[in-house]
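S.K.: Protein chains in written order, with this note's numbering: chain A, 18 to 443; chain B, 24 to 271.
Mixed in with the good hints there might be a few duds.
As a list, the in silico DSS-like pairs of lysine-lysine whose alpha-carbon atoms are at most 25 angstroms apart [as the list claims (entries may be wrong)]: (1) B:LYS239 - A:LYS443; (2) B:LYS56 - B:LYS66; (3) B:LYS133 - A:LYS443; (4) A:LYS188 - A:LYS173; (5) B:LYS222 - B:LYS239.
To be clear, the hints were calculated from the coordinates, so they are not data collected in a lab. None of the values given here were measured: they were computed from a predicted structure.
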Amino acid sequence: MTNDYRPMWTGLGLNLEAHDALLKVLGEAYQGTFLSQKNHPEGMSYFDFVMSEVHGLRIKELQDVRSEGRKVVGTFCVFVPDELILATDAISVGLCAGAEFGFDEAERFLPRNTCSLIKSFFGFKLNRVCPYIEATDLLVGETTCDGKKKAYEIFKAIQPNLYVMEVPQMKTAQDRALLKSEYLRFKEELERLTGVVITAERLKRGIQLVNSRRKALSRLAVLRAADPAPISGLDALLINQVAFYDDPVRFTDAVNKICDELEGRVGAGEGVVPQGAPRILLSGCPMAVPNWKLPAIIENAGGVIVGEESCVGERGIRNLVDDNGGDVDTLMEAIVGRYFKIDCAIFTPNPERLDHVMDMVARYHADGVIHYALQFCSPYMVESYRVEQELSSRGIPALRIETDYSQEDAGQLRTRVEAFLEMIRK
Amino acid sequence: MTSAGLDVGSRTIGLVLFDHGVRDSLVTDTGVKPLKRCQRLLKSRSYHRLVVTGYGRHLIAPSLGGEVISEISAYAAGARYLFPDVGTVIDIGGQDSKVIRLSDQGAIIKFEMNDRCAAGTGRFLEVMAHTLEVGLSEFAELALSASQSVHINSLCTVFAESEVVSLIARGEEASAIALALHQAVAKRVTGMVRRVGLKERVVFAGGVAHNRCFHKLLSDVLGARITVPSEPQIVGALGAALMAGEGK
């Protein structure tokens, strides 16, 4: 199977030896983490298949599309509006990397105390193991955190098709105007790249595609409020991760199908864990494939994750874009309106995030919150204090975790998570 | 009915047999084959149920037919049994240190644990004692005898070791260096205590609780009386045995 894609990978300039090593790690992690779960819903077979072909069939699809003259746009952040990309018939792929791979290479360019997420995309690029980066016609960075925005300056030299979008840091009227002007500049860039003029009709279609995907993911999120939870947090996280790679129409269809199955489970009172298993809300930094360390520890210890307050999760899917506008400007306004509500920790102040955490605890009947911050991710590390304060004041158990992509702290994390679950069970 | 509790730590194994009180207890080195050692320890002893805690719990429990409990719950339960009015448990073991806050009812309200490295743990003190060419108990006495301290910047076991070497080369008194090392670890642990919130009575358990200097520093810095159980290294195993007895 793997061999079929080797010419394609070579054509993309991948380092086959390193890439084989990555696929081996990825395959083993997937096998050990996902396929060994109990009560794996049948509808997961689609996502299992997508994962097994994540560097194969999906890349072939991208290459086929490119040979027809359409473009592929890579992104690193939920602030990059997919609606605009899809409006030009281009394909959008999320490129965040979640593996400790090529860090020694990355550390030639970046300080050691850079967060894993940044080191990871550098490492993937430098080791030439990410077919997605190599298959993009445009790569979109953004000025969310200091680590990223400075890293892009260095990245640009090794990846010349990098485009950087400015993201505001406050929520005043000027900030909103800045976001709008940046989205208009991005629209022009996409039009230049694709040769397609974004009309109201095209934009509407882009909005509807993304709205449908968000609606399906929200439907999945709501089903997890049931006790017992009908799907593991790991599977739900995987679905949210696949959302960044997959064809939106096919993906939305697969999510709705698994939701049908899960509705049946909820109706029958069936779940992946016994009723009463500690229900955990995971809150904080995004978890990119294959960063499954903490969720796997939580669920192996008998907890069940009922929601992700994260970009790969609810932060990325909350709120739809109003598609009622009849002209491009109205629709662009609607897009800006939706994205400006994102409660990323780069904003100051950011009270919406606290509200959302409390709201998710209530909606998904969480027994406790595990706050997850990547080491050296100052925005989330600092904000975790306020999240914890707010939770404690309401008597909701909270555990703050700072970790990275390595496995060396797995033993200690396991002890802390098990103790946290024991504390909740009492 | 007798219940057994095993605490398989990174440096030592603790065992407690419990039946309306502690019937038997021991502490031995973990060694490189902890499973074999635990099997031998339990072979000659009879008990009804077994609960395993400590760093090696997941390795040991399945082979011995025991259940697992985290060290945090085990230390809290053990300390609470010994001192029903305990409010804060400090446990400094070989590889990690933890601070646990308990409610009046004995439930865990909050806990802190060091992350990945050995900074602030017994292992750190062990490495430093070795660098100063003294045994562990001598190390504490040396620190207690110091008339002054020096400043140590690093708590990283690797960096602190080289810092100590350069302090020795600079002609600093060994006692001053020993005291500084104790202070560095105490600072780390008291920081954790502040994060969970100090509530008396403070019970100090784990291997490092044998260290008199450390005991003194903790009570000075925290401004609280510190209680050290007569056998601080079996508190985890005792907690595990209690849980085995409860059928938890």
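S.K.: Against the 25 angstroms threshold, does the CA-CA distance of LYS188 of chain A and LYS173 of chain A hold or violate the hint?
M.R.: At roughly 29 angstroms apart (the allowed maximum being 25 angstroms), LYS173 of chain A and LYS188 of chain A break the hint.
S.K.: Taking 25 angstroms as the top limit, are the C-alpha atoms of LYS133 of chain B and LYS443 of chain A close enough?
M.R.: holds (13 angstroms)
S.K.: Given the hinted pair LYS56 of chain B and LYS66 of chain B, is their Cα-Cα distance within 25 angstroms?
M.R.: At roughly 16 angstroms apart (the allowed maximum being 25 angstroms), LYS66 of chain B and LYS56 of chain B satisfy the hint.
S.K.: Is the straight-line distance between the alpha-carbon of LYS239 of chain B and that of LYS443 of chain A 25 angstroms or less?
M.R.: violated (34 angstroms)
S.K.: Is the hinted pair LYS222 of chain B and LYS239 of chain B satisfied, with a Cα-Cα distance of at most 25 angstroms?
M.R.: holds (18 angstroms)
Of the numbered hints given earlier, the model fails hints 1, 4; all others are met.
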